[in-house]
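Just so you know, the protein sequences line up as chains P and Y, in that order.
Position 75 of the first sequence, counting from 1, maps to 75 under the numbering used here, and the rest follow consecutively.
For the numbering used here, count along the second sequence from 1 and bump the result up by 1000.
Bear in mind the hints are in silico, worked out from the structure with no lab data behind them.
Cβ atoms here follow ideal geometry from the backbone N, Cα and C, with glycine treated the same way.
A hint or two may mislead.
Below, a sample of chain P positions facing chain Y; criterion: calculated Cβ distance under 7 Å [claimed, not checked]: (1) ALA98; (2) TYR131; (3) SER382.
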Amino acid sequence: MSVVIKVEQLSKAYQLGEIGTGTISRDLERWFAKIRGKEDPFLKVGEVNDRAARGDSDIVWSLRDINFDILQGESVGVIGRNGAGKSTLLKLLSRVTAPTTGQIKVKGRIASLLEVGTGFHPELTGKENVYLNGAILGMRKKEIDRKFDEIVDFSGVERYIETPVKRYSSGMYVRLAFAVAAYLESEILIVDEVLAVGDAEFQQKCLGKMKDVSTRQGRTVLFVSHNMSAVLNLCNKGVVLRNGLLDYCGNLREAVQLYQNSNMSRSNEWIADKAATLPQIRYAWLDLAEEQPNLTLKIKVKIGSASNNSPAFIAFDIKNGFGTTIMQAIPSITPFLECNGNEKEYEFQVDLVGLIPDSYYVSIWIGPHNSETYDWQKDILSFEVQQSPTAGRTFPHHYDNGFIVPNSKIIQGL
Amino acid sequence: MEVPEYWDLVLKPQNSFFELNLQDVWRYRDLLWLFVRRDFVSFYKQTILGPFWFFIQPLFTTIMYTFIFGGLANIPVDGLPKPLFYLAGITTWNYFSDCITKTSTVFKDNANIFGKVYFPRLIMPLSVVISNLIRFAVQLGLFLIAMAWYGWVEKGNHFHFSGYILLFPVIVCQMALLGLGTGMVISALTTRYRDLAFLVVFGVQLLMYATTVVYPLSTVLVKFAKHPWMSAIIEYNPMTPIIETFRIGFLGKGTFTWPLYLYSVVVTLLILFLGIFIFNKVEKNFVDTI
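So that you can see chain Y by itself, here it is in the shape it has in the complex (with noise of 0.2 Å):
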């Protein structure tokens, strides 16, 4: 009789549906850090600024928007301090469409690289969202520095850190999951249709808008009380209860219940299962149609 012999590794035409390979993602944990190294490093070499530059985006952008949509529009604020408002808003924005925007294209900016040598494909994006995670960290330092200013220096300032701040580990993992899932679906699409790596770059914008970065969620459940779709859009919106819970965790004002909450962290576990599935099925072969 013919024992059957064992083999390390067998080719095939095509992974079976949920065949992961997490082993040999884990085999692989040095290169995740040195390409998080690798775009770390490769971002300030040769700046003078360096990691600072890190800063003058949302700082910017906070003075913009605390000028035009607080001081022109006159959008409510909670009743918090506009640029501690627009700022929590930015940096947890910034933090998921830079995962979306940066996993979305990673097959094509690594065209190369995956062309010639092997390695666990999922390494890319993830490295892309943990290198994200050392920019947020930056960003969540100004913050936390904005939030300092305004507690000690300008007094009688209403704002609080309250109990939902122990949620947020879970938020970021929830935003880098779902970053990760929607990027990894664009992706995978985008190897074989380049339309859609244009309409991730106009479409993460607009989705903004449909997000709590530069109004309260309170504020459009009362305004938008007769069009209920228009506020069901942003209240379903995986990344509002994301916003909100920080905003509450920090800031102690935001529109947290646990039903939207929890039906977020179902939407983004559904996302990022459809993007492991999609991502899946292509890394085998998009080398041949890239």
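With the rest of the complex left out, here is chain P (with noise of 0.2 Å):
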């Protein structure tokens, strides 16, 4: 197998703020350092990218030096927190933007989805859109009519292809864009988390169609998605980017595992940050035991008053990644929690039911009566769920058909 594309210290910086008056002076600046043969005044040794961290200068490298190479055939998943480079790395690679500093090098024509239906015009109807939008996305005009068929039955709009897209309803829109990009005859296919569009049925198909273009015509894939269960069944190896930085570059499993642990150890711990006058949660954590379909969640949690209250009792809500509370837990109907001036930590078990792999999100509310709130912090620890419920169910579950998927067995008829 040879190399398709060969990453060599890739960064990419960007200038943080506002570009107005100062831009003229700045670029002055930097084209003097340029012509008296002086290191660029704007690229000084940045700090790594933690949006949440304060840096000194005003530039950001959204990239620093990643090196990696991906073979003839690989699919790829690229997965990250948010701002930890990946859809930057997508558009370095997809040409939009240009390289900081490095290079890379690629065998075969890319094509890249980093949206889709970019260039449909509302005025022009389907067909004169899906020449178009093809045409952008690197086609020629007699490969588009050769598939045009093709497209306009896997998007399943034939009827309304004649029509102004302005007209169309926006899942029409989005299937017939990605019908477009899938006829794609590239080398080397990029995708950005294009499958959250459309309705699950379509979605099955966007994800069967690119497993079929990286499994069976050996082409080569790059996926970003934060749906860790999309990655696993379609790519065959990961690369993992954190503050711009590459992670880890290699097996997909090991991958995804590094990426979920790393999001855990941000969240299944939480320290209130300020004293309150009423009583309130001083620290809490989390740990999930177990294996599905019998999960279960060990909560720590400190509550402390300022002065003497009546007791009180506590509820965990749990949401999933999509922000629907899908289960509250309520241990204790009569108040239970010493509310007196003093701090008293109290461990509680949750046994979970089969949830979808998924990542969940746990809020925990005190007070002493349904209707009175002595504290609420939402959404302060949370944990990830990787395999599904269901013994060797490989293909994706979807927010569509449930959120929990209960112990179901044969009893007759095997």
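Could you use the hints to bring the two separately framed chains together as a complex?
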């Protein structure tokens, strides 16, 4: 297998803040440094890209000294938190913008799909837009002619193909747009989370199409997503980015695990940042134990109060990655948390049901009565479920089919 | 010994000076036509008169000019029928000014496409120049109809085609390249400094009065004989020889000298190269600053 993408010492810097009146003086300064043969003052050796921390310079390195190779036919999942540099990497690979330093060497044609329906013009008909969009993505007219029927067929909007796309529903629009991209004939395909569109059936179709592209047609695919089950399903190699640096490149499962764990360490512990007059949650900690479908949560909570208050009870709300609260656990309905001016630690166990793979967030509420709140901390802890509750299920779960997988078995007919 | 590997594409921080990727542009030629088609089709979609709108603007402008500059201000028109004189100027000037104003905002208007997908950036300004060419052709049709009207219906007018009409294809290209070049310089600079975009709108308007659109060059040379710098501004404006050549070619009246014409060709090429050079420097990274 030959290397089709070679990324060498790749870095990309962005300027923070506004580009305004300061720009012209800065430009002159840079130009002056350049003609004297000095280093660009704009590109001072900066900090890593941590958006939470304050840096000294007003530039930020979205990517810093990235090196990796991708072999022909590999399908690579690029994962990382928001702001880790995933999109920047894709932008560089798809030539939307140029690197600040370093280089990328490529063999073969690259087609990138950072967005579906780029360049769709609302006034043009579906057919005209298929041609336009196809050409923007690098197809020749002949190629589109040849595949036009297949594209229309895949999109399922045949009846509307002579209608301006401004009359389309958003679903139809996206279907047509993805269909064009699905028939690109390039050796390398770069895809940014475009699968988060359309209905479940269409998403399955897109995933299937992409899998087909990578496994059967032997083309190289780079795929960015936050949806771990889609990545696990589609890819066979993982690249993990963190704060603009390359964390890991190699085995996909290890990559996903590394990513999940780095997420966990961030949020399985929480400490209150200021003291309140009412009784409050001072500290919380969470651990996910056992295996699917019998997951359990161990939660430690420290409750403290400044003065004497009536006792409270506690509730845990569990939200999924979509932001829907899917369950609430109340260990006891009688107020049992002492709020007498001291601090006390409690430990709870929550037996979970079979949850679909996703990120989950826990909010904690305390109060003496259901209509009176002492403290309510939202989404302070989180955990990830990586495995499907149904043993051996590899095709992804989707929100449209529910969040919980009950135990089920065959009792007759086997 | 290691054999150097062959790569189809190497993405580096900067383009070298005159690396134009013309092969790339050629490979995307279908896209160029589709953009031209898009501009043309989306212009008249959901209109009743459709492409006839291309006629309306020059027609009414000509009527206004005939009354104001011809009737009220009494500016001489080289002895030609006034509407024909103005229409000749307006048709050519419109093409040039549309090329400038539309290419100068090309990065800004298409930032969303440029930010999501790669295709040779040069395609966009090229498509603007070509789709304006269609509009120009339609307006030229109007001009020819007007000529026919004054030739056959209103007898006794003195105008005729002259040999300079052979230069017509050359001046069309020249206008396109001049518009493209200027537009590219401005578009490349507006990615960082938006101020220029405002400047263009009225700059082009002002420039029209420094070009022989509403008056002939011959009058300028006579009237401003005492102020050589004023006539020089008009004379050495690269658009002036173009419009004068157009008039002398189609109507037989105008001021044409080879040195002045060749001068405007040289200026056009210089501006074009400057445009390509700046555009080339900016195209790789403008997405970050726009």
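Going down the list of hints, with the structure as the test:
| no. | hint | result |
| --- | --- | --- |
| 1 | ALA98 | 4 Å, holds |
| 2 | TYR131 | 6 Å, holds |
| 3 | SER382 | 31 Å, violated |
Going down the numbered hints, you'll see the structure goes against just number 3.
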